[in-house]
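Those sequence lines, one after another, are chains A and B. Position 172 of the first sequence, counted from 1, bears residue number 171 in numbering that gives the first Met the number 0, the numbering being contiguous throughout. Position 46 of the second sequence, counted from 1, bears residue number 45 in numbering that gives the first Met the number 0, the numbering being contiguous throughout.
Please keep in mind that the hints were generated in silico from the structure rather than gathered at the bench. A quick note: this is a predicted structure, and the numbers were derived from the prediction, not measured. It is possible that some hints are incorrect.
Between beta-carbon pairs, the in silico distance windows are [unchecked claim]:
{"hint": "1", "chain 1": "A", "residue 1": "Glu158", "chain 2": "B", "residue 2": "Lys45", "range": "21 to 29 Å"}
{"hint": "2", "chain 1": "A", "residue 1": "Thr39", "chain 2": "B", "residue 2": "Lys124", "range": "26 to 34 Å"}
{"hint": "3", "chain 1": "B", "residue 1": "Lys124", "chain 2": "A", "residue 2": "Lys197", "range": "30 to 38 Å"}
{"hint": "4", "chain 1": "B", "residue 1": "Ala46", "chain 2": "A", "residue 2": "Lys183", "range": "29 to 37 Å"}
{"hint": "5", "chain 1": "B", "residue 1": "Gly123", "chain 2": "A", "residue 2": "Lys197", "range": "53 to 61 Å"}
{"hint": "6", "chain 1": "B", "residue 1": "Glu130", "chain 2": "A", "residue 2": "Phe122", "range": "23 to 31 Å"}
{"hint": "7", "chain 1": "A", "residue 1": "Ser45", "chain 2": "B", "residue 2": "Gly58", "range": "21 to 29 Å"}
We treat Cβ as the ideally placed atom computed from N, Cα and C, and that holds for glycine.
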Amino acid sequence: MKTLIKNILLFSTLLITANILSGCYEHFPLDQDITRTQNTFLNQDSVKVEFPTIIKDKITLLAMVYTHCPDICPMTTHNIHLIEQRLPAELKNKVKFIVISFDPNRDTPAVLKKFAQIRDINFDNWSLLSGDEQNTKEVMLKFGVKAILTDSTYDATGELSYNIIHTDRISLIDQDGRLRSNYKGSTADLDMILEDIKYLGE
Amino acid sequence: MNLLIAFLMIFSNPSDKIKIVDPWMRVGAQGQATGLFFKIENNSDKADTLYKVEFEPAGLVQIHETYDAGNNMMGMREVGKIIIPAKSTFELKPGSYHVMLMKLKQDIKKGYVGDVALYFKNVGKIMIKVEAKEMMMKQTMEH
Numbered sequence: 000m001k002t003l004i005k006n007i008l009l010f011s012t013l014l015i016t017a018n019i020l021s022g023c024y025e026h027f028p029l030d031q032d033i034t035r036t037q038n039t040f041l042n043q044d045s046v047k048v049e050f051p052t053i054i055k056d057k058i059t060l061l062a063m064v065y066t067h068c069p070d071i072c073p074m075t076t077h078n079i080h081l082i083e084q085r086l087p088a089e090l091k092n093k094v095k096f097i098v099i100s101f102d103p104n105r106d107t108p109a110v111l112k113k114f115a116q117i118r119d120i121n122f123d124n125w126s127l128l129s130g131d132e133q134n135t136k137e138v139m140l141k142f143g144v145k146a147i148l149t150d151s152t153y154d155a156t157g158e159l160s161y162n163i164i165h166t167d168r169i170s171l172i173d174q175d176g177r178l179r180s181n182y183k184g185s186t187a188d189l190d191m192i193l194e195d196i197k198y199l200g201e
Numbered sequence: 000m001n002l003l004i005a006f007l008m009i010f011s012n013p014s015d016k017i018k019i020v021d022p023w024m025r026v027g028a029q030g031q032a033t034g035l036f037f038k039i040e041n042n043s044d045k046a047d048t049l050y051k052v053e054f055e056p057a058g059l060v061q062i063h064e065t066y067d068a069g070n071n072m073m074g075m076r077e078v079g080k081i082i083i084p085a086k087s088t089f090e091l092k093p094g095s096y097h098v099m100l101m102k103l104k105q106d107i108k109k110g111y112v113g114d115v116a117l118y119f120k121n122v123g124k125i126m127i128k129v130e131a132k133e134m135m136m137k138q139t140m141e142h
C-alpha cells in the first residue's frame, strides 16, 4: 500500500514538473544559449566591449541594422525605442538594448553614435556596436541574420555605394543569456514583445 | 481680363490635378540616409508620373521601393519613377515606396522643415514643405 502511495506521489510530482516545463517551452519558441562564445566590438564611444558579457543578467532586445538603410532599419530601431518608452518602471533598469551593425565598414562607432543621437536614444541602456568582419559574421550566424550586398556602384566621387538585403528581426535574450524569441523588426508587434519582457521579468 | 487670368491660373494650378497629402521625412544624421513619404492624389483624367525629386540638403535623391525578399529578409531597390493612374491615390509609406534621401549634408532633426521639389511629367514641378519626424504619428499609434 505504502509503495502504491509513493508511486502515486512520484507520478504526480513528475506530472506537475512536466507541466511547468512544457508551459515555459510553450511561452517561448527558442531556448538557445548564446554565452558559449564571446565577440569583441567597439561601442558608440569606441570603447572595446565583449558581447554577450555586456548584457550579463539583463533582459535584452537585440537588432542588427545598417545606418544607410532609410526604411526598415530605422523602423526597427524606432520600435525598440518605443518598447523602451513603454516599459513599466520596475523593468526599466533590467532591460538592455543592443544594436549591432552588419555594415561595419561604413558604420563606425561615430556613425552609429550619430544614428542614435538624432533619434534621442539614451546610452544608459543602449549600446550600438561595430566590429570587424569576423566578429560581425559570428554574431550574425548566432542570431540567424543574413545580409547580402546589392546595387553596388561607384558614384561620381569614386565612393562605393550599395544597398543591403537583410533579415528584418528583433531578438529577445533572457537574463541567463538564452535567446528566447525572434520577432519581425520593422513591423513588430510591440504589445507581444512587451508581454514577453514582462514574463521574463516576473 | 484679370478675372480671366485668375480663372486660368486656378485651372492650370498643378495642385488641382495632383495633390500632395501628409508629407513627412524621417529624421537622419549628416552623412547618412533617410526616407521621404507622402500621398499623391491624382485628380485629373489622365495618369501622371513622378520621375524626379530634389531636396537640397541631400547629395543624392532616388525613388525607391522596399520589398519583401523572402525568408524574413527585406530589400530595397531604385524604381526611377512612380506612375499614378487617373483619379487615384498612390501612397509612399514606410516598408513600401519612398523617396530615399542620401548623403545628407546636414542633420535632419525632429521638427526640421525643408522644401522639396517633386517633378511630374504632366503637371510639372510641385514644391512642398516637409517636416521631419521620427515616425508618422498614425503608425506609432497603430502599434
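How the hints compare with the structure:
| no. | hint | result |
| --- | --- | --- |
| 1 | A:Glu158 - B:Lys45: 21 to 29 Å | violated (40 Å) |
| 2 | A:Thr39 - B:Lys124: 26 to 34 Å | violated (52 Å) |
| 3 | B:Lys124 - A:Lys197: 30 to 38 Å | violated (52 Å) |
| 4 | B:Ala46 - A:Lys183: 29 to 37 Å | holds (34 Å) |
| 5 | B:Gly123 - A:Lys197: 53 to 61 Å | holds (54 Å) |
| 6 | B:Glu130 - A:Phe122: 23 to 31 Å | holds (27 Å) |
| 7 | A:Ser45 - B:Gly58: 21 to 29 Å | holds (26 Å) |
Checked against the numbered hints given earlier, the structure breaks hints 1, 2 and 3 and satisfies all the rest.
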